[in-house]
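> Residue-level listing of the chains:
There are 2 protein chains.
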Amino acid sequence: MRRLFEDELNELHTRFSEMGMMVNEAIYKSVKAFVNHDKALAREVISEDQKINKREVDLEKRSFEMIALQQPVTTDLRVIVTVMKASSDLERMGDHAVSIAKSTIRVKGETRVPEIEKVIADMAAAVKEMVDQVLDAYVREDADRAREIAEEDHGINTFSKEIYQRCIQIMQEEPETIVGAMDYMLVSSYLERIGDYVTNICEWILYLRTGKLLELNSNAREDDF
Amino acid sequence: MRRLFEDELNELHTRFSEMGMMVNEAIYKSVKAFVNHDKALAREVISEDQKINKREVDLEKRSFEMIALQQPVTTDLRVIVTVMKASSDLERMGDHAVSIAKSTIRVKGETRVPEIEKVIADMAAAVKEMVDQVLDAYVREDADRAREIAEEDHGINTFSKEIYQRCIQIMQEEPETIVGAMDYMLVSSYLERIGDYVTNICEWILYLRTGKLLELNSNAREDDF
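First to last, the protein sequences are chains A and B.
Mapping of the first sequence onto the UniProt record's numbering: position 163 corresponds to residue 163, and the numbering continues sequentially without gaps.
Mapping of the second sequence onto the UniProt record's numbering: position 9 corresponds to residue 9, and the numbering continues sequentially without gaps.
Excised from the complex, chain A in its bound form (with noise of 0.2 Å):
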């Protein structure tokens, strides 16, 4: 019975590895779309995302059915709760990748801004590198490290402030980049928000190692976005 819930346990950390690879590489693509102008590659998100989704139910399900069957206690439960609540997260940062590419998809031919293209594609680079980090902690299990994760979120907002700054400051100069850097805009709440969900999984790794739920970071501070 033990040797069972062990296997089924580690196929559920495997499973959810996965799943943080494959919105991961949604991501990537979304931007990767985003920055070359590639609709193609856009519609490959949006077609993909489906199979995120479908993850998510599947790792709902097993949670679900270990709980019931199993009826673990203390940290057995713990990392399947974990992985219920985490599973939500990685599924919404690629409903975001979804939305990047549907902003690929809308933009026709407007005048771009190569220089607000590029701050969006170093931020797409932190974010993705925060992801990559974070789903490296969760199979390590490592507080320690998903607690400086966390830290470099203050880094994205930092972008997204310049990104708006330099979005104004273009539509007011040159009223033909408006459609783009409306985009632009939006581009950059998405990977905001991915780096949002990032430190939700970063209280998630700590509460499988610690059993207590933090918040990281606050979103109390009236001048972030």
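Please note that the accuracy of each hint is not assured.
Chain A regions said to be covered by chain B (calculated; three or more residues, Cβ under 8 Å) [said to hold, decoys possible]:
no. : segment
1   : 57-65
2   : 71-84
3   : 168-182
4   : 185-195
The set of hints was computed from the structure by calculation and includes no laboratory data.
Fair warning: this is a prediction, and the values are worked out from it, not measured in the lab.
Just so it is clear, CB atoms sit at the ideal spot from N, CA and C, and this is done for glycine as well.
Following the hints, complete the assembly by docking chain B onto the known chain A.
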């Protein structure tokens, strides 16, 4: 033992519904603050968000303890899992109310556009109506109603598109509205996201009744935001 468990389950329901009402009030106040340019009310929304976050942690702890100590199966477990998952949706709806409040504080006497503010107010009223209804459907465990409520999300997306079009137009015609219109776009995107979370809760109500995890609104359509 069973008696105690029933009491705890009822308490869990009540506390979840209360959280829903707290979130609903936050959304209502944040939009009221935005439309009336009321920074004091916006600050109230931001500071009260802590209560919502605390309530989520409280619900998570209670759910976890109930699973660990009472080892519920089938229907009872489903109720607890629903609260665990849907409380995250509520918490994020609260976060979006905070984002709307932050937009209100950021605005520094820029040129406002009353026609667009009117559409935002209408959109907010429609979102608030959805939130009211989903909380009611949750209490009644009304799966049919949940399906209907999820359908209403399409109407919310229609508001989004209208606001987007109007913002683009006014920015191009009157560049002094650019800063304000960017905020309109952001507020509209937060409201739309709140509608998505309502749809998630609808899915959880269906799960509560049927044990099936279904996706009510696919985000695979390219023309949506």
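> Each hint should be assessed against the structure and marked as holding or not.
Going through the hints against the structure:
1. 57-65: Contact hint for the segment 57-65 of chain A vs chain B: holds, 4 residues under 8 Å.
2. 71-84: Since 7 is at least three, the answer is holds.
3. 168-182: holds (count 7)
4. 185-195: holds (count 3)
Violated hints for the displayed structure: none, as all numbered hints are satisfied.
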